[in-house]
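**Student:** This is what each chain is made of:
Protein chains: 4
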Amino acid sequence: MANFASDNVSGASPEILEAVARANAGPAMPYGEDDITRRLEALVAEVFEHEVAVFPLATGSGANALALSVLAPRYGAVYCHREAHVNVDECGAPEFFTGGAKLVALDGPHAKIDAAAVAAAVSGAGVVHHVQPAAISITQASEQGTVYAPGEVAALAAVAREHKLALHMDGARFANALARLGCSPAEASWKAGVDVLTLGATKNGALAAEAAIFFRPEQAAEFPYLRKRGGHLFSKLRFVSAQLEAYLTGDLWLRNANHANAQATHLAEGLQALPGVEVTAPVQANEVFAALPRALVEGLQAKGFVFYVWRDEGPAPLCRFVTSFDSRPEDVAALLAEAARLAGLGGH
Amino acid sequence: MANFASDNVSGASPEILEAVARANAGPAMPYGEDDITRRLEALVAEVFEHEVAVFPLATGSGANALALSVLAPRYGAVYCHREAHVNVDECGAPEFFTGGAKLVALDGPHAKIDAAAVAAAVSGAGVVHHVQPAAISITQASEQGTVYAPGEVAALAAVAREHKLALHMDGARFANALARLGCSPAEASWKAGVDVLTLGATKNGALAAEAAIFFRPEQAAEFPYLRKRGGHLFSKLRFVSAQLEAYLTGDLWLRNANHANAQATHLAEGLQALPGVEVTAPVQANEVFAALPRALVEGLQAKGFVFYVWRDEGPAPLCRFVTSFDSRPEDVAALLAEAARLAGLGGH
Amino acid sequence: MANFASDNVSGASPEILEAVARANAGPAMPYGEDDITRRLEALVAEVFEHEVAVFPLATGSGANALALSVLAPRYGAVYCHREAHVNVDECGAPEFFTGGAKLVALDGPHAKIDAAAVAAAVSGAGVVHHVQPAAISITQASEQGTVYAPGEVAALAAVAREHKLALHMDGARFANALARLGCSPAEASWKAGVDVLTLGATKNGALAAEAAIFFRPEQAAEFPYLRKRGGHLFSKLRFVSAQLEAYLTGDLWLRNANHANAQATHLAEGLQALPGVEVTAPVQANEVFAALPRALVEGLQAKGFVFYVWRDEGPAPLCRFVTSFDSRPEDVAALLAEAARLAGLGGH
Amino acid sequence: MANFASDNVSGASPEILEAVARANAGPAMPYGEDDITRRLEALVAEVFEHEVAVFPLATGSGANALALSVLAPRYGAVYCHREAHVNVDECGAPEFFTGGAKLVALDGPHAKIDAAAVAAAVSGAGVVHHVQPAAISITQASEQGTVYAPGEVAALAAVAREHKLALHMDGARFANALARLGCSPAEASWKAGVDVLTLGATKNGALAAEAAIFFRPEQAAEFPYLRKRGGHLFSKLRFVSAQLEAYLTGDLWLRNANHANAQATHLAEGLQALPGVEVTAPVQANEVFAALPRALVEGLQAKGFVFYVWRDEGPAPLCRFVTSFDSRPEDVAALLAEAARLAGLGGH
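Residue numbers (our numbering), protein chains in the order written: chain E, 389 to 736; chain Y, 389 to 736; chain Z, 389 to 736; chain S, 389 to 736.
Please note that the accuracy of each hint is not assured.
As the list makes no split between identical chains, a pair holds if one copy fits it or if it spans any two.
Unchecked claim - The list that follows gives simulated cross-link-like pairs (lysine to any residue, SDA-like), each with its CA atoms no further than 25 Å apart:
1) Lys-552 - Gln-607
2) Lys-552 - Asp-639
3) Lys-552 - Pro-612
4) Lys-552 - Glu-606
5) Lys-552 - Ala-609
6) Lys-691 - Thr-653
7) Lys-691 - Glu-726
8) Lys-691 - Gly-414
9) Lys-552 - Pro-461
10) Lys-552 - Glu-701
11) Lys-691 - Gly-702
12) Lys-552 - Glu-610
13) Lys-691 - Ala-413
14) Lys-579 - His-498
15) Lys-552 - Asp-700
16) Lys-552 - Arg-699
17) Lys-552 - Glu-575
Source of the hints: derived by calculation from the structure; they are not laboratory data.
Given these sequences and hints, build the entire structure.
**Tutor:** This is the structure in structure tokens:
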């Protein structure tokens, strides 16, 4: 049955599974001393056209929290959107890993912060009573499925430079954003001023694989120790690295993301055409946020369509539909057909 | 080439890889709301003959640190062997996850602590100047490849009860210990007084799979939150759970462990027979610690045999050889033959 | 010269200094095992008409952070006003002592939060992705010098009970609030639903003395250990306790507070009467927030009057004037006279 | 009655109390922006003949933990004696403030560690599995009342330099050690290689005053923020600074220490002369450790003499007697007389 609850409900791409199986041939030194992990750093450097320090990881929360733990001191302030995953969906992981830094929640349309909002929030530098400005964290694509254009990132980076802040990009859905932007990985990251990218693969076809990518490798000096004491250094790391290698090889990441994005766009267009439905955020990646009449929500659920009721208020609850690398066009079509039928527009 | 550096240099059992591939069929709710994870708890309860709370994880350091973080307050004391993995090989993960608890390092032959040593160390209860006695942590099999008999565990549990300490077992190589003991999983754990077992599968055939098993589920109340904020809750958790399910099904864990143990025993017997070689700890699981004449060490290395020089001192450095579920008897034989040749005993 | 920068610029009441000198007679057991500390608990219980656990401390930040560290788990959420001292003026002390709990900043007029705002913010209970609702923290008197009426506190306490939150009152200026309210200490605290009061004495005449007062002593079980490991258990604690004893004896605290409040009221009335001056928050304790024409601000500063320019924006910067137990009426009068002169209203 | 339980049972020197009273004249800017605090730094620099960064504090545990929190990363190792105050008497404060660093407990006669012991313990640098060597911490005078000679400190400093460790001196009883050594403050600290000295005044005549003294001020960059978020920045800091100023002025600290040391020496000589009594550690400061026949212990206690039974074992429990700046010679004499009487040597 069609499940649009999250891109996490999908399994793994066949290419990823095959890479894991291939990685199983023969012994390999543990903890990243294996050949696959070694060549991954070169591959990432090539894909991003920049010297990098790369750390394979297996959860996005771990990747984000570890990245922030080297960018912010324990008395630091990290500026992010109020709805940012790091702020609301990680049960305090950033606070834990940083040793108590404060996430300063900012507002902004469609889950994006802009340079002016950050500039207005930065304060207290050098005053011991206040947490010290340390980093900006943005999510690409954002928690509402919108995408930061390189120029928007660059504007944030300018504020960062002015106040000596690091710029972190939570790229849990970086491939979806990149597919949308049509620019190069470099243009979407370090060329726009990103210092550290936590690149997600899990939501887009991996079993469990993320990477913390430092474009200024010297910032990563403490990372290996923090990763280990966080319990995030895998003994058989080759199996994580193999997923990332397959992910970045032959454009698998972009193919997967393009497919998911296209399904989301199709779904959004179909929903938007229905009476009483409002798509509440631009659909720029693989998520659709839409307010649906309650009867429509309940009717779809009754037919077994799965999606999140994001905010269950009023006559038209806000719903989230997430598409994935393996979302089937026929499932999207079936949902739209059922929705049209429930809205009294259906033919049959 | 024969690699005895660690059981971590091995890949995964075919049965485990197949289970992961099988788990890839169709969508599944994330974060442990999937069917495989649900039935895993029942399976563990059946295997251990006890009600349990089970949390699939992917690294041993994460599993240990999270377990200790619910057993010890931030001002707690955890009694363990000086050589315990939690004390020396996790870069401070237990201190990090507990918020600053202290590991109190105890001595004892062959990496095992005994009840008397713990009883002598426990002090300061109720006195605010001192960290407060909170837990005992033992490793099964130990860091020298020795095994706690159920009676030894029970004696430690008696001390634990007397002082209101929790008893944690780091079971990174629990299957190897169990295979050696020949008792039931229950007898080796809760029947002997263990409160929490961190059961390892990674070293014994999994890609990356561990489980924190609470025999008193009420002690696990905070665990889900701590796991999440530690970055250790996997979105596609079914892929971890599937590994554990396969591991505990059809005695795979014991078959793998028996094979590894047998290779270690064979290796130890062969080494012991050589002049100048001393096996320094009883070989009760899948690790052999032996002091080898330096010429022998260097000769084996020159031939490509891989193992750790554990303590590089004196004329006979202490070496560690670890066997695994897929160690090949012919590799063990080849090592012993080469060693015999180097020792001047070889036939050719 | 008249200094209205803070009540912290004042020294100590003679009664407090005398009590410290008196406490210096003869040896006394350290770490709170002395007679003065022992009888302090009885005195606080009598003053507050309730069983209490009392912990003498020496800084407000320490007192607040320690209190929150027993009320919120490391993955907890503490709801407070955006301007709360715990949120913006303690350099992250609450995050540090709690081990990473999150302060959720709420808005509300004049630095007070109300029950509806908290009720709207509480969310995520039982969901592992989110920090867990744990406590409400309010400041009495608030950071804008306003005061919570017992009924307002009771309304917050009702929300707290409904969601199983603890209610913490940062009473850095509790005496000033109490003097204003004219109710009993009990009515302003536990009778209104406060669980823990951090009672400040430093700003109101002590050298350095605060008290964490638990009205549910069972909530304080971990406090002694947390205090010690926070470095906040004084060896010669009698000298802190003696300050608190003097403070609560013979109504010194209320006399001091009444004096400070009266000076603030007088100051506010005088400022308000000037053209172009706006007192921006009700003056209910010992702080006056007022927007003053820039020329007036600069003119007063040029004459040596000291106060904080709270928000240096626009033609009428917001200024803060704080009065104290020893603010001299003639200094208030002098400031008002000079202000009138600068405003062109002065006679001479 | 004579109380030798601790130097903490004494009150404050009159000079210190007078300084506090003097500091109470008029307003002063808070948080260390006052004149007394400003001139304290110059005074310490003069006394120690070196550029310094000085932070007045009020508890020794706070001072030590804060000092270590800038010297060791959260994954660091701090080498200290097993009996060190930081290791056993601060309820885990160093682990808390460092964010989880590990104190590595070393053995050594009379509570002192030597260079060889540290050199043997340092290991794991650069290996992610292990906590990283970060600092050495020694106590002067030690927890058994012995004193490090400058040469011994210099030998430890050489090891520190070799392994890039910081050298911290817990100087809770630094004045007592200095009085014994007869050298300059500089010779006992930075000239011997100490990086950070936490200088205690509380045990030697202050109400509550300690100072963290950085001889390499650049190491103190984070200290102000860590002090604030630790709740250890006093608003009316002048009252702490005034104690330290008085302490270091006119040799008060050395006069006080000399008196205490002399009483300890006298007490030790008297006890040593009694049959069955063994003084177990050289008496080099103001503490006497002695094994006394149980009957003698109980007899003295029955007469109201107060001291700690340090280790209550066997026929001659180990006892600790601590003298102070205000220990009365007649009390020492009375104790010795009573002891002699109990030992059957007394005349009357």
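**Student:** State for each hint whether it applies.
**Tutor:** Hints, one by one, checked against the model:
Within a single copy, Lys-552 and Gln-607 get their C-alpha atoms as close as 13 Å, and across copies as close as 20 Å, so both meet the 25 Å cut-off. Taking the shortest alpha-carbon separations for Lys-552 and Asp-639, neither the intra-copy value of 35 Å nor the inter-copy value of 46 Å comes in at or below 25 Å. Taking the shortest alpha-carbon separations for Lys-552 and Pro-612, both the intra-copy value of 24 Å and the inter-copy value of 19 Å come in at or below 25 Å. For the identical chains of this complex, Lys-552 and Glu-606 are neighbours both inside a copy (16 Å) and across copies (19 Å), given an alpha-carbon limit of 25 Å.
Proximity of Lys-552 to Ala-609 under the C-alpha cut-off of 25 Å is found in both arrangements, the shortest distances being 18 Å within a copy and 16 Å between copies. For a Cα distance limit of 25 Å, the shortest separation of Lys-691 from Thr-653 inside one copy, 22 Å, qualifies, whereas the shortest one across copies, 60 Å, does not. In this homomeric assembly, Lys-691 and Glu-726 come within 25 Å of each other (Cα to Cα) only inside a single copy, at 8 Å, whereas the closest approach across copies is 69 Å. In the homo-oligomer, the alpha carbons of Lys-691 and Gly-414 lie at most 25 Å apart only across protomers (18 Å), although the nearest pairing inside one protomer, at 48 Å, exceeds that limit.
With identical chains, the CA atoms of Lys-552 and Pro-461 are at most 25 Å apart both within one copy (13 Å) and between copies (22 Å). Taking identical chains as interchangeable, the C-alpha atoms of Lys-552 and Glu-701 lie at most 25 Å apart only when they sit on different chains, with a minimum of 24 Å there against 41 Å within one chain. In the homo-oligomer, the alpha carbons of Lys-691 and Gly-702 lie at most 25 Å apart inside one protomer (22 Å), although the nearest pairing across protomers, at 59 Å, exceeds that limit. For the homomeric pair Lys-552 and Glu-610, the shortest alpha-carbon distances inside one copy (19 Å) and between copies (16 Å) are both at most 25 Å.
Only between protomers do Lys-691 and Ala-413 lie at most 25 Å apart by alpha-carbon distance; the minimum there is 22 Å, versus 45 Å within a single protomer. Taking identical chains as interchangeable, the C-alpha atoms of Lys-579 and His-498 lie at most 25 Å apart only when both belong to the same chain, with a minimum of 24 Å there against 44 Å between chains. In the homo-oligomer, the alpha carbons of Lys-552 and Asp-700 lie at most 25 Å apart only across protomers (23 Å), although the nearest pairing inside one protomer, at 41 Å, exceeds that limit. Proximity of Lys-552 and Arg-699 under a CA criterion of 25 Å is satisfied inter-copy only: 23 Å between copies versus 37 Å inside one chain copy.
Taking identical chains as interchangeable, the C-alpha atoms of Lys-552 and Glu-575 lie at most 25 Å apart only when both belong to the same chain, with a minimum of 21 Å there against 40 Å between chains.
In this structure, only the earlier hint numbered 2 is contradicted, and the remaining ones agree with it.
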